[in-house]
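Engineer: What follows is each chain in one-letter form.
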Amino acid sequence: MLRIYLQRFVRIRSGLVGAVLLVALGVVGLAAPVFEPRDPDAQALAERLRPPSASAWMGTDELGRDVLSRMLRGARISLSVGFVAVGISVVIGTGVGVVSGFLGGWVDAVLMRLVDIMLCFPTFFLILMVLSLLEPGIFKIMAVIGLTSWPGLARVVRAECLKLRELEFVTSARALGVTRRAIMARHVFPNVLSYVMVAATLGVGGAILTEAGLSFLGLGVQPPTASWGNILTSGKDYIHVAWWLMAFPGLAILATVLAFNLVGEALRDAIDPRQAN
Amino acid sequence: MGRYLLRRLLTLIILLLGITLVTFAVMQLAPGGPIDLATDMSAKISPEMKDRLNKLYGFDQPWYIQYGNWLARSVQFDFGESFKDGRPVIDKILERVPNTLLLNVCTMALIFLFAIPIGAVSALRQNSLIDRGLGIFVFVGFSMPTFWFALILMLLFGIFLGWLPVSGLRSLDYGELSATGRLLDVAQHLILPVLTAAFTGLAFMSRYTRVALLEVIRQDYVRAAAAKGLSPSRVFWRHAFRNTLIPMVTLLGLMLPDLIGGAFIFETIFAYPGLGRLGMEAMMSRDYPVVMGLGTIVAFLTLLGNLLADLGLAIVDPRVRIVSS
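Residue numbers (my numbering), protein chains in the order written: chain Z, 10 to 286; chain A, 646 to 970.
The set of hints was computed from the structure by calculation and includes no laboratory data. Beta carbons are placed, not taken as given, at the ideal position from N, Cα and C, and that holds for glycine. Treat the hints with care, as some may be off.
Unchecked claim - No farther apart than 30 Å at their CA atoms in a straight line, the calculated lysine-lysine pairs in the BS3-like style are these:
no., chain 1, residue 1, chain 2, residue 2
1, A, LYS729, Z, LYS149
2, Z, LYS149, Z, LYS245
3, Z, LYS245, A, LYS873
To be verified - Which stretches of chain A does chain Z cover? Using the computed rule of at least three CB atoms under 8 Å from a CB of chain Z, they are:
no., stretch
4, 657-664
5, 837-851
6, 919-931
As the list claims (entries may be wrong) - Here are a few chain A residues that face chain Z, going by a calculated C-beta distance under 10 Å:
no., residue
7, THR668
8, LEU674
9, GLY907
10, VAL936
11, LEU939
12, GLY940
13, ALA944
14, THR947
With the rest of the complex left out, here is chain Z:
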């Protein structure tokens, strides 16, 4: 099954472009210290706000730090925020969705009302509200984004489970006396995994955008730790004199999120060609 998905995926060109980009980014993020031409935190006030040149490809920032090195380090931070946050939201969302859809009854009713309540709050507002109360910190940001962004996924997974529950292979498993927990884990869960993968891929892009937005409002990853969001944010104060401070992180965020979206859409089409348009 996985091989069929993979074959179909490779044929979708936009998805492939996205995947190549993501692999490159992953390598850059993991091996950032190797590529960094200079220490990303080393200040050189005499060299401040220099435009891109042969020695500093992306110029220097307001403290004379090398923007390229900070961008590379930032890739690591921004990507890990994206992945950890989505990891949290996927675990909760899938768990709630499978339990709710498979068990039904009052468990389902309670969980779905909880989802409804969460969906009434604009997610970004909820995140802001919580983060503005806490001391800022990178793990809190990951946790808060993850803990607030699962309800949508839970709904999708639940709907899928409701469909699966009525299919023959589940009925036969039940007839054979398989326990409910084993049916959920062995028969239902693997079948919703494809949806979860699509949602997770799209979610990482979303989480990176959210972190950037939070940084912009001063609630994201705190300087001096570099994240694409906070490089961009400090760049906005020098918008007249140093275009490169704003241009590179903005482009990096755009390209990364775009890549995640392309891969996510291609995955969806590969998994379910009937939906492909």
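Fit chain A to the given chain Z structure using the hints.
Structural biologist: Just chain A, lined up with the frame of chain Z:
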């Protein structure tokens, strides 16, 4: 229909309770009490004074009593007074509502005005060059960081070209302008925030229109309409397009929280006097009553929007009523 309405209203009440509970719970996360945060900066506050303030606001009570009291007041839209200037929270919120409404109505209008033709063109010319081009635009729209887009717009139209104002809702000389002058002035100030707000929604909506239309034009009744000799434009407008409109009502409800969530960013950038900026300022200065009031009102509005959308759907589409009752 009556039973459907009753069921929906009952759920609404449960959800409202849940919303207030979540807002209240989030506020309990704050380290120290609200009084500490409101008074820490002031050297003149003695411990006795703090106790008195705590009593005054009821913070010495257990949480469920506090929640009960707060709930009893907030169902009457009394969210207390702002810590910052002592004005009633509800007044501060209500005075910003028209501005936010103005911005969102313009944004929605812009989204629909462009999303429907874009989606229709891509669906009717599926896989053509123009469809692919629009597809790229849509993906970029999904992936663009809102505030980056806003900054680029400001830089381009506000600074390099100098055509448009980059902040606020009115110019300094607003008072001296004629009626038309005032209207033009506000319109000028609206252009950039509306463009920013509409961009992501536009991508989302045009994508949706395309997918929905592609599904509908393959239906038998569309083929039948074409087969009996109706003109292509009649087939499209009367038979295909109308059927994509129904779910759009629901989408409108779903987009509302996103628009309000985005408002925190772009209202801050453009210094636009709306709910988003009020919320941002309140959060930054830890003005609890305003944050709690705003959270409740925003969630309540979303709920109301969704309910109206669902009711609209139930009226137009009988299948909805039957399935859910």
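Engineer: If a hint holds in the structure, say so; if it does not, say that too.
Structural biologist: Status of each hint after checking the structure:
With a CA separation close to 27 Å, the supplied pair LYS729 (chain A) and LYS149 (chain Z) stays within the 30 Å bound. Between LYS149 (chain Z) and LYS245 (chain Z) the alpha-carbon distance is near 25 Å, which keeps this suggested pair within the 30 Å criterion. Note on LYS245 (chain Z) and LYS873 (chain A): the hinted pairing is violated, with a Cα-Cα distance of about 60 Å set against a maximum of 30 Å. Only residues whose beta carbon comes within less than 8 Å of a beta carbon in chain Z count, and the stretch 657-664 of chain A has 4; three or more means the coverage holds.
For a cut-off of 8 Å, the count of residues in the stretch 837-851 of chain A with a CB near a CB of chain Z stands at 0, and the three-residue condition is violated. Counting residues of the stretch 919-931 of chain A whose C-beta sits closer than 8 Å to any C-beta of chain Z gives 5, which meets the bar of three, so the coverage hint holds. The restraint placing THR668 (chain A) at the interface with chain Z holds, with a minimum CB-CB distance near 8 Å, inside the 10 Å limit. Residue-level restraint check for LEU674 (chain A) holds (minimum Cβ-Cβ distance to chain Z is 5 Å; threshold 10 Å).
Residue-level restraint check for GLY907 (chain A) holds (minimum Cβ-Cβ distance to chain Z is 7 Å; threshold 10 Å). Evaluation of the VAL936 (chain A) hint against chain Z yields a held restraint, the C-beta minimum of about 6 Å falling below 10 Å. Of the supplied interface hints, the one on LEU939 (chain A) holds, with its beta-carbon coming within about 8 Å of a beta-carbon of chain Z, less than 10 Å. Given hint, GLY940 (chain A) at the interface with chain Z, holds; its Cβ is 6 Å from that chain's nearest Cβ, closer than 10 Å.
Satisfaction of the interface hint for ALA944 (chain A) is found here, the shortest Cβ-Cβ separation to chain Z being roughly 4 Å, below the 10 Å cut-off. Of the supplied interface hints, the one on THR947 (chain A) holds, with its beta-carbon coming within about 5 Å of a beta-carbon of chain Z, less than 10 Å.
The structure does not agree with the numbered hints 3 and 5 stated previously, though it agrees with the rest.
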